Structure formats: structure tokens, C-alpha cells
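**Q** Listed in order, the protein sequences are those of chains U and R.
In terms of the working numbering, the first sequence is numbered consecutively and its last residue is 107.
In terms of the working numbering, the second sequence is numbered consecutively and its last residue is 112.
Some clues are possibly wrong.
[As the list claims (entries may be wrong)] To spell it out: a stretch of chain U is covered by chain R in this simulated footprint if at least three of its residues, at any positions, have a beta carbon under 8 Å from a beta carbon of chain R; those stretches are:
| # | region |
| --- | --- |
| 1 | 37-48 |
| 2 | 66-77 |
[What the hints assert, rightly or not] To list a few chain R residues with every Cβ distance to chain U over 12 Å, as calculated:
| # | residue |
| --- | --- |
| 3 | Q6 |
| 4 | Y35 |
| 5 | T48 |
| 6 | E58 |
| 7 | N82 |
| 8 | E86 |
| 9 | G106 |
| 10 | R108 |
Quick caveat, the hints were computed from the structure, so don't treat them as lab data.
All values derive from a computational prediction rather than experimental measurement.
Backbone N, C-alpha and C fix where the C-beta goes; we use that ideal spot for every residue, glycine too.
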Amino acid sequence: RKEVEQDPGPFNVPEGATVAFNCTYSNSASQSFFWYRQDCRKEPKLLMSVHSSGNEDGRFTAQLNRASQYISLLIRDSKLSDSATYLCVVTGNQFYFGTGTSLTVIP
Amino acid sequence: SAVISQKPSRDICQRGTSLTIQCQVDSQVTMMFWYRQQPGQSLTLIATANQGSEATYESGFVIDKFPISRPNLTFSTLTVSNMSPEDSSIYLCSVEAWNIQYFGAGTRLSVL
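Model the full assembly from the supplied sequences, consistent with the hints where possible.
**A** Right, dumping it as C-alpha cells:
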């Protein structure tokens, strides 16, 4: 079983829509959780860390459910510039990356 | 944050040759990582490079094929040896700082 699993999408949504991504992880002892963003032909960059109580950064909300072992990312009021691949990252004895979820925001 | 300079940014190589990728960090870091990312795929960890010790390789990757150097706390190299077309990929250097991973811009390698 993979350490981290994500729905690869693609998600195609209109501007202004709300979209949510989920990610499950297999190791209940995982310690830290992140969402990274990767633009086409670019390196991954940290979008936000995921706190136990959930956290919000502008239009982005991240949540963690330890009991069910999943994390989520909610994007409100989608912008064209949100088009990218979103990678779920979980740490244990190393950083484990999901395969990424592709998002395209359509005008 | 950590700023990482990785070079070359891209290269086209003949099979059987070797390419060395360099990674320079703007601050001293204990752990540096080398990843490979195939088109449309996620990141695969090749090895972890710690200063002053042998790199730790993940399953499926060996030192003879991917020798790594880590001469100090700000620099590392990855060599892709005896290349074949299957080695065509993006190679990414990464460091861990304050429990976050930061990446170099990557090296896009094509092997003919």
C-alpha cells in the first residue's frame, strides 16, 4: 500500500468555484502534513502546512483527520492562477509525496 | 526559507555518458535529498545525503549508478552514470529546513 494516496484528477472547474482535494495516508504515526503546489515544468513549492485543528490561509483551508487518516485542501473562489498540481505530503521517517492532483481553472 | 541553486537546468546527453548535477544551498543544512520525477508522476526519492557519511539509497537505486557527494553542509552533487534513455527525467535537489522541504528548480535530463 502506498504511504500517501491522492485522486489524480484532473479537476476542471470554472473561475469562482470551490474545489476540494483529499489525500489519505497509511501510517498512523505520521507526524507532519503539508500541501505543496507544483506548476507545470517547475519545482514543488510549499503551499501550506496542515495543523491538527485545521488552518486557513486566505482562500485556502487545510484540514487533518487523524482518526480517518486523511487530509484535505479546500480552495474557495478559484482563480485562473490556481491551475497547478497539488501534492499531498506526509512525514514519517522521510517525506512521502502523493502523486498529485491536477487542477485547471477555466475562464 | 532555504534558497537552492541547482545546475544544469537541463541537458541532452548521449547514452553511456555520465552527468553530474550540482546543488548549492544558501544556508547550512544537515539533510539534503535527491529526487527523480518522471513526466506526470510524483517524486521518487533516490537518496538522502548527509555531510560526512555515505548517502542512504532507496530501494531500486544504487551508488554505482547514482554516486552522490556531500563535501560540506551547503553543497551536494548527484551523478547519473552510464546513462540510458530510461534515465530521462527531472532530477530535483531538496533540503529540509525547519521541518519543511525546499526544492531546487530541477535538472531536466534527456538521454538519446
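**Q** Could you run down the list of hints and mark each one as holding or not?
**A** Against the structure, the hints come out as follows:
For the region 37-48 of chain U, the stated coverage by chain R holds: 6 residues have a C-beta nearer than 8 Å to a C-beta of that chain, and at least 3 were required. Given as covered by chain R, the region 66-77 of chain U fails the check, having 0 residues with a CB less than 8 Å from a CB of that chain where 3 are the minimum. Here Q6(R) does not stay apart from chain U, with its beta-carbon only about 9 Å from theirs, under the 12 Å limit. Distance check for Y35(R) against chain U: the nearest CB is about 8 Å away, which does not clear 12 Å, and the non-interface claim fails.
Here T48(R) does not stay apart from chain U, with its beta-carbon only about 7 Å from theirs, under the 12 Å limit. With 12 Å as the threshold on Cβ separation, the claim that E58(R) sits away from chain U is violated: the shortest Cβ distance comes to roughly 9 Å. Remark: the non-interface label on N82(R) is consistent with the geometry, its nearest Cβ contact in chain U lying 26 Å away (cut-off 12 Å). Separation of E86(R) from chain U is adequate, the least Cβ-Cβ distance of about 20 Å exceeding the 12 Å criterion.
Against chain U, the non-interface label of G106(R) is violated: not every CB pair exceeds 12 Å, the least being about 5 Å. For R108(R), the non-interface assignment is contradicted: its Cβ lies about 8 Å from the closest Cβ of chain U, within the 12 Å cut-off.
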